[in-house]
Amino acid sequence: MTNPTRTARRTGRRHPLATVALIAVGLLGTGGAYALFTTSATAETTVAAAAQVDEGQKLFVANCATCHGLNLEGSTQGPTLIGVGAASVDFQVGSGRMPLAQTGPQAEVKPVQFTQEQVRAMAAYVASVSPGPAIPDEKYLTGEGNAAEGAELFRVNCAMCHNVAGAGGALTEGKFAPALNDVSAAHIYEAMVTGPQNMPVFNDMNITPEQKADIITYLKYIQEQPEPGGIGLGNLGPVSEGLFIWIFGLGAIVAITVWLTAKSN
Amino acid sequence: MSTSTTTPPSTRPANDPPVGRGMRFTGWAANYIDERTSLSGMVKELGRKIFPDHWSFMLGEVALYSFVVILLSGTFLTFFFQASMAEVEYEGSYVPLKGVEMSVAMASTLDISFDVRGGLLMRQLHHWAALLFIASIGLHMLRVFFTGAFRKPREINWVVGFVLFILALAEGFTGYSLPDDLLSGNGLRIIDGMVKGIPVIGTWISYLLFGGEFPGTDIVGRLYTLHILLLPAIVVAAIGVHMVLLIVNKHTQFAGPGRTNDNVVGVPIMPVFAAKAGGFFFIVFGVLVLIASLVQINPIWVYGPYDPSPVSAGTQPDWYIGFADGALRLVPPGWEFELLGFTVSMNILVPIVVLGLFIVVVMLYPFFEAWVTGDKREHHIADRPRNAPMRTAIGAAGVTFYSVLFFAASSDLIATHFRLSIEWVTHVLQALLFIGPILAGVITHRICIALQKKDREIALHGFESGRIVRLPGGEYIEVHEQLDDYERWKLVSYEDYKPLMVRPDARGRISPLERVRAVVSRAFFEDRITPVTRTEIEAAKHDSH
Amino acid sequence: MANDTDTGTPSTAVEPYAPSAGIAVVNDDAIPNPGFPPERPRVTDLDPAVEQQQERRVAAWFLLSIVGTVVAIVAYIVFPITPGDQGSVRLNNLFLGLGIALALLSIGLGAVHWSKSLMEGHDLVELRHGTRGSDATRAKAVEVFQLGNKESGFTRRKLIRNSLIGALVVSPLPAVMLFRDLAPAEDPVGLLKHTLWEEGTRLTKDPTGVPIRAADVTLGSVFHVIPENLAESEHPLEEKAKAAVLLMRLDPEQLQISAGREDWHYDGIVAYSKICTHVGCPVALYEQHTHHLLCPCHQSQFDITREAAVIFGPAKRPLPQLPITVDDEGYLVARSDFNEPVGPSFWERSL
Chain U
1 MTNPTRTARR TGRRHPLATV ALIAVGLLGT GGAYALFTTS ATAETTVAAA
51 AQVDEGQKLF VANCATCHGL NLEGSTQGPT LIGVGAASVD FQVGSGRMPL
101 AQTGPQAEVK PVQFTQEQVR AMAAYVASVS PGPAIPDEKY LTGEGNAAEG
151 AELFRVNCAM CHNVAGAGGA LTEGKFAPAL NDVSAAHIYE AMVTGPQNMP
201 VFNDMNITPE QKADIITYLK YIQEQPEPGG IGLGNLGPVS EGLFIWIFGL
251 GAIVAITVWL TAKSN
Chain Y
1 MSTSTTTPPS TRPANDPPVG RGMRFTGWAA NYIDERTSLS GMVKELGRKI
51 FPDHWSFMLG EVALYSFVVI LLSGTFLTFF FQASMAEVEY EGSYVPLKGV
101 EMSVAMASTL DISFDVRGGL LMRQLHHWAA LLFIASIGLH MLRVFFTGAF
151 RKPREINWVV GFVLFILALA EGFTGYSLPD DLLSGNGLRI IDGMVKGIPV
201 IGTWISYLLF GGEFPGTDIV GRLYTLHILL LPAIVVAAIG VHMVLLIVNK
251 HTQFAGPGRT NDNVVGVPIM PVFAAKAGGF FFIVFGVLVL IASLVQINPI
301 WVYGPYDPSP VSAGTQPDWY IGFADGALRL VPPGWEFELL GFTVSMNILV
351 PIVVLGLFIV VVMLYPFFEA WVTGDKREHH IADRPRNAPM RTAIGAAGVT
401 FYSVLFFAAS SDLIATHFRL SIEWVTHVLQ ALLFIGPILA GVITHRICIA
451 LQKKDREIAL HGFESGRIVR LPGGEYIEVH EQLDDYERWK LVSYEDYKPL
501 MVRPDARGRI SPLERVRAVV SRAFFEDRIT PVTRTEIEAA KHDSH
Chain B
1 MANDTDTGTP STAVEPYAPS AGIAVVNDDA IPNPGFPPER PRVTDLDPAV
51 EQQQERRVAA WFLLSIVGTV VAIVAYIVFP ITPGDQGSVR LNNLFLGLGI
101 ALALLSIGLG AVHWSKSLME GHDLVELRHG TRGSDATRAK AVEVFQLGNK
151 ESGFTRRKLI RNSLIGALVV SPLPAVMLFR DLAPAEDPVG LLKHTLWEEG
201 TRLTKDPTGV PIRAADVTLG SVFHVIPENL AESEHPLEEK AKAAVLLMRL
251 DPEQLQISAG REDWHYDGIV AYSKICTHVG CPVALYEQHT HHLLCPCHQS
301 QFDITREAAV IFGPAKRPLP QLPITVDDEG YLVARSDFNE PVGPSFWERS
351 L
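Protein chains in written order, with the working numbering: chain U, 1 to 265; chain Y, 1 to 545; chain B, 1 to 351.
These are calculated hints, taken from the structure and not from any lab test. Predicted, not measured: the structure shown is a model, and the values here were computed from it. Be aware that one or more of the hints could be misleading.
Unchecked claim - 16 Å max Cα-Cα, derived EDC-like pairs, lysine to aspartate or glutamate:
no., chain 1, residue 1, chain 2, residue 2
1, Y, Lys498, Y, Asp527
2, Y, Lys44, B, Glu126
3, Y, Lys541, Y, Asp485
4, U, Lys220, B, Asp85
5, Y, Lys49, B, Glu126
6, Y, Lys98, Y, Asp111
7, U, Lys263, B, Asp45
8, Y, Lys98, B, Asp45
9, U, Lys263, B, Glu39
10, B, Lys316, Y, Glu338
11, Y, Lys541, Y, Glu481
12, Y, Lys453, Y, Asp505
13, Y, Lys490, Y, Asp383
14, B, Lys193, B, Glu340
15, Y, Lys453, Y, Glu514
16, Y, Lys152, Y, Asp262
17, Y, Lys49, Y, Glu35
18, U, Lys263, B, Glu126
Claimed, not checked - Under 8 Å between C-beta atoms, here's a sample of chain U residues computed to sit facing chain Y:
no., residue
19, Gly132
20, Arg155
21, Tyr218
22, Glu241
To be verified - Take a look, some chain B residues computed to stay more than 10 Å from chain Y by CB distance:
no., residue
23, Val67
24, Val74
25, Asp135
26, Lys140
27, Phe145
28, Arg157
29, Asn162
30, His289
31, Asp327
Note that the Cβ used here is the ideal one computed from N, Cα and C, for glycine as well.
Kindly generate the complete structure, drawing on both the sequences and the hints.
Now the structure itself:
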């Protein structure tokens, strides 16, 4: 029962693309269900503020004291905040790392729980209890420093963890240095000066404020400038380039060879 | 040695093109050349040579054409690149490196990227073409392996091809080390560390290679000589040998109706194959240029000039050197000892030896299989992989081994992307290095045999057509449609081997090698599905619905 | 079953060439080859209107290629590079590349389309002739060598033959010897055992060369360090590849100090070679709480509380420690050079 002008189907009753369709349905189904059923909950506290420090204390007692102690002395759940300074608070709370939602190798960026005023209030309170690194002056955050010197400093001091393009990198035991492509200038400065978690401290004698401004200038430069060569593939280097050539390059070319050698109609 | 071509009757009336001015010029030119070079002989021999038409036979062409793209783009680059390690202050237009001290090699690469129109395009084209070159060689080797196209008379061509693969790796490595940037410089540092670990002569080889202490001021110039002169010359010569052997042996073909071990069925070089192959060259070239214009590769300006102090997270070599980097990463701690005061670095030697053995096994596989089967006939029909289950299983095991090493090179990126610890990733890969190939081999072997069983079923009983018929007695059956002879031929026309029966030689002895051969041939061929025979077909025809 | 031809006089009776099939099963009951299936003509073979249409399509591809070439040339002129503007580089790259890609792809696609739809599409058959030369040819080849041997006396004149082989074998040796001067005259092993560090050399910041006070190094800090005389040295990069150092401060209680190294640290400030003892990458990832040092190349890990002992990864030896102290102005200085070679292992390392 073969039709000479039509290629008979060799797979019998099943359509050749049935397997592909089934897999696609399965993937879309599970992916869609996951997206549908996971929600992200955000809590919002709005507090009318009196003095900034008072407000900060109230916020602190409500949100931080359980782990960090009512007098910043720390507890088994969280380290002491004596000497961490306003910069630490602005960084940790302002990036959403704090309050910590779950245990893990490190605190991770998640949706910020507080407004900028609230963050500054808590920072002011912590700084009032014991002094530490301050929130950086605006003049270091403008991105008008020397990008070339900043780049050199970045390569020597930062690239080994954060990658030369700030794409992030692995540390030991599940920790990682995050990507820097959408971190604000203030947070970059504060992270350098406070050394959050396992990041070392880069105090102002090690990297001076002007040098920090240069590093911020460099990071802003690569954040804002378009990649000259085209799509950057995440700036992850030869691994992503190799995957790209095998999957898309060879893939496209093999598809073309199948077309090329197929008998024409 | 004339080629005979039998043409089935054409459905179109013959069209002789009219002789115009162009044709007259061509005729004059052809005559001029022939009277001086005997070219007509070659045209006669090769012009209507037949090439079988299967997509998997084009993978070698992908390699060849990407090599041509590499040569063309590389030639452009040599007009602008300067392979000197003299220190200079960068004065080009890339802002974050202005005023920075770097080698002339790096500065000229930056100039190509930022101050020459089309320079970045050519650089990216060159590098993407190199990645595709080696990837297509790999895929081509896999095709040749899994279809058994390395069997007699093509064993020598397999070795030549293997040598080309190694040369391509060397070309790639020397090439990406030329800009003297932080990423490739750290790669050279690793090579230096490995070389120093070689017993007895290591420190001296390192010293000679780098012209003194690492990094020295000679290495980029020396790699340049290798990259644009020595290695390409050997590659071109080896490609020549590879092509000549291909023409002499003619290409293999898959089994099919009308195709035998003694003929080649396909399209003639002129005009169809020339059009397809020539067109494919433009397509490969075009795809590479498309990629080079859309996707960035090796942004050396972000890495900056090489300095022994900084390093980037995510330091990996180009993908084709990944298996070597991965091998280094998987060594457990502490593999080094002292022998009579001399330091023996097993953490370097073991990866080198293991990788060396691996590639030697790859090179020698055709000879191994020929020894097992003892089959000295010429083979021009390409196997379907399922019909050589043990060979396919060994290939799958080899691919798995290589892949584990390859993924090990990106262990830190796997850790960050999948939120795992690098220690866990490393341990899993260490285990997979041993378990993976064995599992892959066993599973593949069983899958091949299962597929052969399915083929046998279809050949004998036809395929399920989806029509359910109710018989008068009430039972339901599914109607099977028989294959016609042409379709069935592919399923039944494969080589069958049986395990060796060991027999004493003329002196009544059985050599240990023969015993080993018997054991190996049992592993290869004991579990096998024999091809369907004529009697079985006749019997099935009587029994079928 | 191999066919051996005796050397000597060409034999007249030659065994027919029948290569062994080894353990292959040669089956008489095999299904025979059914021969070629019936031809299936293409639409372009049957319908002249479709043939015309395809011809126009092929030509369209080639014309599109010309468009692409023009786009490329125009893009080269219309998208120049403005120094300092990376966007202009991106545009130049993109449009020049797209133009060239269009030009090339269109020629290729047109040529392939032409061959598939319009060119004579029937499969043709070419016979293979065994790769092995015919017996007559092989006999002639053997005769060539036999005559060559006889007329030159190669096998007969053993003295000539052996002395020729001897000469040829040794003649490449000077070529090997010529490459000795790839490297300078010094002994590489001696060079590997010394760095720029010596007693009193100040620790300075990399890359600025500014000296470091002990008081600057606070708990949790990491400083990237080079010796103060690096910039003036004759071979700065080569010296840096041995002298790069990492400086950290820990609580002295946390340091487990072995005998003889009690004065190598200064109040918890320790200095270790930055060059990995595996294959030489800079070990620079310092985790200030775990006190682990991670090398990004092959993930060797070193524990700073235990004198940089290896805790993971392919390295074997701990990072060499630089003994440090403070000079009378409070700046950190080295007490001496490292007491062992830095960096990757080599054969003569312990001698």
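- Query: Does the claim that Asp135/B lies off the interface hold, with its Cβ farther than 10 Å from every Cβ of chain Y?
  - Reply: 16 Å, holds
- Task: With chain Y as the partner, please determine if Glu241/U meets the hint condition of a C-beta pair closer than 8 Å.
- Result: 5 Å, holds
- Query: Are the Cα atoms of Lys490/Y and Asp383/Y separated by 16 Å or less?
  - Reply: Satisfied, since the Cα-Cα distance of roughly 10 Å is no more than 16 Å.
- Item | When the least beta-carbon distance from Arg155/U to chain Y is tested against 8 Å, hint result | 4 Å, holds
- Item | Satisfaction of hint between Glu39/B and Lys263/U, Cα-Cα up to 16 Å | 12 Å, holds
- Given the proposed pairing of Lys49/Y with Glu126/B, does the C-alpha separation stay at or below 16 Å? 7 Å, holds
- Regarding the pair Lys193/B and Glu340/B, is the alpha-carbon distance no greater than 16 Å? 7 Å, holds
- Straight-line alpha-carbon gap Lys263/U to Glu126/B, limit 16 Å: Not satisfied, since the Cα-Cα distance of roughly 20 Å exceeds 16 Å.
- Message: Let's test the interface hint: is any C-beta of chain Y closer than 8 Å to that of Tyr218/U?
- Response: Tyr218/U check passes; min Cβ-Cβ to chain Y is 6 Å, inside 8 Å.
- Message: A cut-off of 10 Å on Cβ-Cβ distance, and Phe145/B was said to be off the interface with chain Y. Does that hold?
- Response: The assertion about Phe145/B holds, with a minimum of 21 Å to chain Y.
- With 10 Å as the threshold, tell me whether Arg157/B passes as away from chain Y on beta-carbon distances. The assertion about Arg157/B holds, with a minimum of 33 Å to chain Y.
- Task: Mind verifying the non-interface call on Asn162/B? Its CB should be farther than 10 Å from each CB in chain Y.
- Result: Holds, because the least Cβ-Cβ distance between Asn162/B and chain Y comes to about 30 Å, which exceeds 10 Å.
The structure is inconsistent with the numbered hints 8, 12, 15, 17, 18 and 19, although it conforms to all the rest.
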